[in-house]
Amino acid sequence: MANIPTELRYSKEHEWVKLEGTTATIGITDYAQGELGDIVFVELPAVGDDVSMMKPFGTIEAVKAVSDMFAPLSGKIIEVNTALDDDPMIINRDPYGEGWMIKIDISDQGEIEQLLDADGYNQVIS
Amino acid sequence: MNDSQELIRTPFYNFHVEAGAKMVPFAGFHMPVQYKGITAEHLAVRKNVGLFDLSHMGEFEVSGSDALAFLQKTTTNNVEALEVGQIQYTCMPTPEGGIVDDLLVYRLEDRYFLVVNASNIKKDFEWLQTHVFGDVKLENLSADTGLLAIQGPNAEKLMAKLTDYDLTTMRYYTWARAKVAGVEILFSRTGYTGEDGFELYIPAQHGATLWNAIVEKGKPAGLELIGLGARDSLRLEMKMALYGNDIDETTSPVEAGLSWIIDFDKEFVGKDIILRHKLEKPKRRLVCLELEGKAFPRHGYEIYDGDSVIGEVTSGTFSPSLQKPIALGYVPRGKSKAGSVVEVAIRTRRFKAVVVKPPFYKEGSHK
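So the protein sequences, as listed, match chains A and B. To get the working numbering, take the position in the first sequence, counting from 1, and add 684. To get the working numbering, take the position in the second sequence, counting from 1, and add 46.
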């Protein structure tokens, strides 16, 4: 069974969001990494770039398929997980921890309400 | 393809589910695509030993006094050259010079044993039936035949724990009949990985006995279960063609680089056209491409020379052994020499690709 931590928020496109003040850390869910299989590399935006809710912010190339990642919230990139360049399979091993992808400074707090909680996301994948 | 909606379970289905495999529909069968992960499974076969369930593959028997003449007519390689105990890679050509399927032909004591692709079982059998003449008996054994492959540089070590048969003198592309885990079976020194290995043809009712024995003897030595995902990347690193991707009814065996399995000194279906491909030289060739950068070439991506589309990727992956993107694809003959440079379009970008000599992976253990 896919792991869905209750302290996180989720998008229907299988991203998770960890909120700390106006900073949101974003990654993909355990379910998503399981469906993708071994991740070969990820393409992420640069620090300073703007991302918009529901718009693609990067791509994941996995052995089985390539997929776009959609920003769960709007904001400006403040940090990118560069460790994924050398070892993208961190995402397979630890999707909610070391496998995080980007941190953004949220530009619209109102968007947070549109995210799902763990129960809501569980319904999306079941 | 299986016509009904119901997917077929191989004799090893329950073992896959128990092992936590991700199961997918493939050619009408429930098949494991991966267990631990494609990369780890791939490397286990390259470095140690892996176990594959290939029971979806089709098995036919051809017997009767005209069996040899029939196979000479319907396949491209020279079946007459086969001694009892030997195996040959070959293909069934179409009258138009394409490929119905690629297959293995085993010469048994008094008959021939054919191993065909899962997705083509029905098509192949019907096609062969329409070409039968004289005293030829054709039988489809696919439903009752399980197939397990043990592949990797340590495959012989593992097999030696399961059988008393002398494996040290058993050559590549030969078969034997012997007791393995107490069950009399036919097995061969063959595979689709570039590594040393064995393929075991197992009557369905003995499936559990063989599986349990192989896993019990293999686990302490690091045996891994291998799914179809790693099977694909292993064969691709060796430039072994996959029917439906790299070869099909529209591709000539000559342009696919399979001239070595064609005997032009005999008569066979489509010979005149295939001979013309050979003599006139094909317009395009299936080549090995190595790409640069973070690219993942996939089936159907276009190949460019400057602004012109000159071909298509037929298979691609990120090679776990070489740690770089690799692909097979057809390009015009003028661009098919090793060292030629082309580009592969991957979504919005183009990536430089260099034609290299096969295979991509050169350290394979098979002999």
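Just so you know, these hints were derived from the structure itself, not from any lab. The beta carbon of each residue, even a glycine, is placed where N, CA and C say it ideally should be. A few of these clues could be false.
Lysine to aspartate or glutamate pairs mimicking EDC-like chemistry, simulated, CA-CA at most 20 Å apart [unchecked claim]:
#, chain 1, residue 1, chain 2, residue 2
1, B, Lys-68, A, Glu-719
2, B, Lys-370, A, Asp-778
3, B, Lys-263, B, Asp-311
4, A, Lys-787, A, Glu-727
5, B, Lys-370, A, Glu-727
6, A, Lys-748, B, Glu-358
7, B, Lys-82, A, Asp-792
8, A, Lys-748, B, Glu-348
9, B, Lys-340, B, Glu-389
10, A, Lys-739, A, Glu-763
11, B, Lys-370, A, Asp-769
12, B, Lys-370, B, Asp-353
13, B, Lys-340, A, Asp-752
14, B, Lys-340, A, Asp-801
15, B, Lys-370, B, Glu-409
16, B, Lys-82, A, Glu-727
17, B, Lys-340, A, Glu-727
18, A, Lys-748, B, Glu-230
19, B, Lys-82, A, Asp-778
20, B, Lys-327, B, Asp-311
21, B, Lys-340, A, Asp-770
22, B, Lys-398, A, Asp-792
23, B, Lys-370, A, Asp-770
24, A, Lys-702, A, Asp-792
25, B, Lys-398, B, Asp-351
26, B, Lys-340, A, Asp-769
27, A, Lys-696, A, Asp-752
To give an idea of the interface, some chain B residues facing chain A are shown, with a C-beta separation under 8 Å as derived from the structure [stated by the list, open to error]:
#, residue
28, Gln-80
29, Gly-83
30, Thr-85
31, Trp-173
32, Met-216
33, Arg-217
34, Gly-275
35, Phe-364
So, going through the hints one by one against the coordinates:
1. Between Lys-68 of chain B and Glu-719 of chain A, the direct Cα distance comes to roughly 9 Å. Compliance with the 20 Å bound is thereby established for this hinted pair.
2. Of the pairs offered as hints, the one joining Lys-370 of chain B and Asp-778 of chain A is violated, with about 24 Å between alpha carbons and a cut-off of 20 Å exceeded.
3. Of the supplied pair hints, the one linking Lys-263 of chain B and Asp-311 of chain B is violated, its CA atoms being roughly 47 Å apart against a limit of 20 Å.
4. A hinted pair counts as satisfied when its Cα atoms are at most 20 Å apart, and Lys-787 of chain A with Glu-727 of chain A qualifies at roughly 15 Å.
5. Proximity of Lys-370 of chain B to Glu-727 of chain A is assessed by CA-CA distance (about 16 Å); at most 20 Å being required, the pair is judged to hold.
6. Distance hint between Lys-748 of chain A and Glu-358 of chain B is fulfilled; the C-alpha atoms sit about 19 Å from each other, no more than 20 Å.
7. Annotation: proposed proximity of Lys-82 of chain B to Asp-792 of chain A is violated, straight-line Cα distance about 40 Å (limit 20 Å).
8. The suggested pairing of Lys-748 of chain A with Glu-348 of chain B holds, with an alpha-carbon distance near 19 Å, which does not exceed 20 Å.
9. Restraint check for Lys-340 of chain B and Glu-389 of chain B: satisfied, since their Cα atoms lie roughly 14 Å apart, inside the 20 Å limit.
10. A distance of roughly 18 Å separates the Cα atoms of Lys-739 of chain A and Glu-763 of chain A; the hinted pair therefore holds under the 20 Å criterion.
11. The suggested pairing of Lys-370 of chain B with Asp-769 of chain A holds, with an alpha-carbon distance near 14 Å, which does not exceed 20 Å.
12. Simply put, Lys-370 of chain B and Asp-353 of chain B have alpha-carbon atoms about 25 Å apart, too far for the 20 Å limit, and the pair is violated.
13. As the CA atoms of Lys-340 of chain B and Asp-752 of chain A are separated by approximately 15 Å, the hinted pair is consistent with the 20 Å bound.
14. In summary, the hint linking Lys-340 of chain B to Asp-801 of chain A is not supported, as the alpha carbons are separated by about 34 Å, beyond the 20 Å threshold.
15. Taking the CA atoms of Lys-370 of chain B and Glu-409 of chain B, the gap is near 16 Å; set against the 20 Å cutoff, the hint holds.
16. Among the hinted pairs, Lys-82 of chain B with Glu-727 of chain A is inconsistent with the structure: their alpha-carbon atoms are about 24 Å apart, more than 20 Å.
17. For a cut-off of 20 Å, the pair hint linking Lys-340 of chain B to Glu-727 of chain A stands: about 9 Å separates their Cα positions.
18. For the proposed pair Lys-748 of chain A and Glu-230 of chain B, the alpha carbon gap of about 38 Å is over 20 Å, so the pair is violated.
19. For a cut-off of 20 Å, the pair hint linking Lys-82 of chain B to Asp-778 of chain A stands: about 15 Å separates their Cα positions.
20. Distance hint between Lys-327 of chain B and Asp-311 of chain B is fulfilled; the C-alpha atoms sit about 18 Å from each other, no more than 20 Å.
21. Distance hint between Lys-340 of chain B and Asp-770 of chain A is fulfilled; the C-alpha atoms sit about 11 Å from each other, no more than 20 Å.
22. Restraint check: the Cα-Cα separation between Lys-398 of chain B and Asp-792 of chain A comes to about 41 Å, which exceeds 20 Å; the hinted pair is violated.
23. Of the pairs offered as hints, the one joining Lys-370 of chain B and Asp-770 of chain A holds, with about 13 Å between alpha carbons and a cut-off of 20 Å not exceeded.
24. The hinted pair formed by Lys-702 of chain A and Asp-792 of chain A meets the criterion: a straight-line CA distance of about 15 Å does not exceed 20 Å.
25. Note on Lys-398 of chain B and Asp-351 of chain B: the hinted pairing holds, with a Cα-Cα distance of about 10 Å set against a maximum of 20 Å.
26. Distance hint between Lys-340 of chain B and Asp-769 of chain A is fulfilled; the C-alpha atoms sit about 10 Å from each other, no more than 20 Å.
27. Among the hinted pairs, Lys-696 of chain A with Asp-752 of chain A is consistent with the structure: their alpha-carbon atoms are about 13 Å apart, no more than 20 Å.
28. Interface hint status for Gln-80 of chain B: upheld, as the beta-carbon distance to the closest one in chain A is roughly 6 Å, under 8 Å.
29. Residue-level restraint check for Gly-83 of chain B holds (minimum Cβ-Cβ distance to chain A is 5 Å; threshold 8 Å).
30. Interface restraint check for Thr-85 of chain B: the shortest CB-CB distance to chain A comes to about 5 Å, inside 8 Å, so the restraint holds.
31. Hint status for Trp-173 of chain B relative to chain A: violated, with the closest Cβ pair at about 32 Å, above 8 Å.
32. Annotation: interface hint on Met-216 of chain B violated; nearest CB of chain A at approximately 34 Å, more than 8 Å.
33. About 34 Å separates the beta-carbon of Arg-217 of chain B from the nearest beta-carbon of chain A, more than 8 Å, and the hint is not met.
34. For Gly-275 of chain B, the suggested interface contact is upheld, since its CB lies about 6 Å from the closest CB of chain A, less than 8 Å.
35. Given hint, Phe-364 of chain B at the interface with chain A, holds; its Cβ is 4 Å from that chain's nearest Cβ, closer than 8 Å.
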